[in-house]
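Asks: Sequence:
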Amino acid sequence: MALGLAALATAAATGAAAQQRGLRIAPPAGYCVDREAHSGPGIVLIGRCAGVANRPPAVLTVAMGKPASGLGIADQGKALAEFFTSQAGRAALSRSGRAKAVTVLEALTWRDAFLIRWRDAAAGRGAQGESWRAVLGLDGRLLTLTVTGTAAAPLDRDEGRKLIEGFVTAMTSANRRSAQGGD
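full-length UniProt numbering numbers the first residue of the sequence shown as 1 and each following residue consecutively.
The hints are simulated quantities; they were obtained by calculation from the structure and are not laboratory data.
What you are looking at is a predicted structure, and each value in this text was computed from that prediction instead of being measured.
Any given hint might turn out to be false.
With a straight-line Cα cutoff of 30 Å, these simulated BS3-like cross-link-like pairs (lysine-lysine) come out [stated by the list, open to error]: (1) Lys-162 x Lys-66; (2) Lys-78 x Lys-66; (3) Lys-100 x Lys-78; (4) Lys-100 x Lys-162; (5) Lys-78 x Lys-162.
Let's have the full structure, built from the sequences with the hints guiding it.
Replies: The structure is reproduced here in structure tokens:
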């Protein structure tokens, strides 16, 4: 990532939620959408809210697919595990695009999401080498949610898992309320 990871890890955002492609982007408590950082269409960057000290600094991302891209994904845990442990899957996880740089540490299903934890030897400057990703379908779209600590304050396994699970919960809760006519 070209932008300063430490700066992104503490987002200068106001308000925790945002709307993107018809989905509510709802980070876990203590994290905010960074409205000034842009990574591309369908990708949202999130960091710890400014002034929040009781949450670990981390970079969270949301990447969204097109409508109907996530239909049936909840039942694909085994296929996703096979893909992400393959050469093509590890290359997709790597920041350098090199499969050899990635070691898959865990792959499991949690609720309706597929979770994967991996180590990337090609982690960007300022980024922790280990990350968590959730793959899930939400409102028919394929979503990937990613959590990465900083090199200066890496997340341990349990912190990372708790944060990715909180991220999945926040996103599904916000969009369930939105679909039911709530705010």
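Asks: Is the hinted pair Lys-78 and Lys-66 satisfied, with a Cα-Cα distance of at most 30 Å?
Replies: The hint holds at about 23 Å.
Asks: Between Lys-162 and Lys-66, is the straight-line Cα distance small enough, at 30 Å or below?
Replies: Since the Cα atoms of Lys-162 and Lys-66 sit roughly 28 Å apart, the hinted pair holds (cutoff 30 Å).
Asks: Under the criterion that the straight-line Cα-Cα distance not exceed 30 Å, is the pair Lys-100, Lys-78 satisfied?
Replies: Measuring from Cα to Cα gives roughly 22 Å; hence the hint holds.
Asks: Does the structure keep Lys-100 and Lys-162 at a Cα separation of 30 Å or less?
Replies: 28 Å, holds
Asks: Is the straight-line distance between the alpha-carbon of Lys-78 and that of Lys-162 30 Å or less?
Replies: Distance of about 22 Å is within 30 Å: holds.
Violated hints: none; the structure is consistent with every hint.
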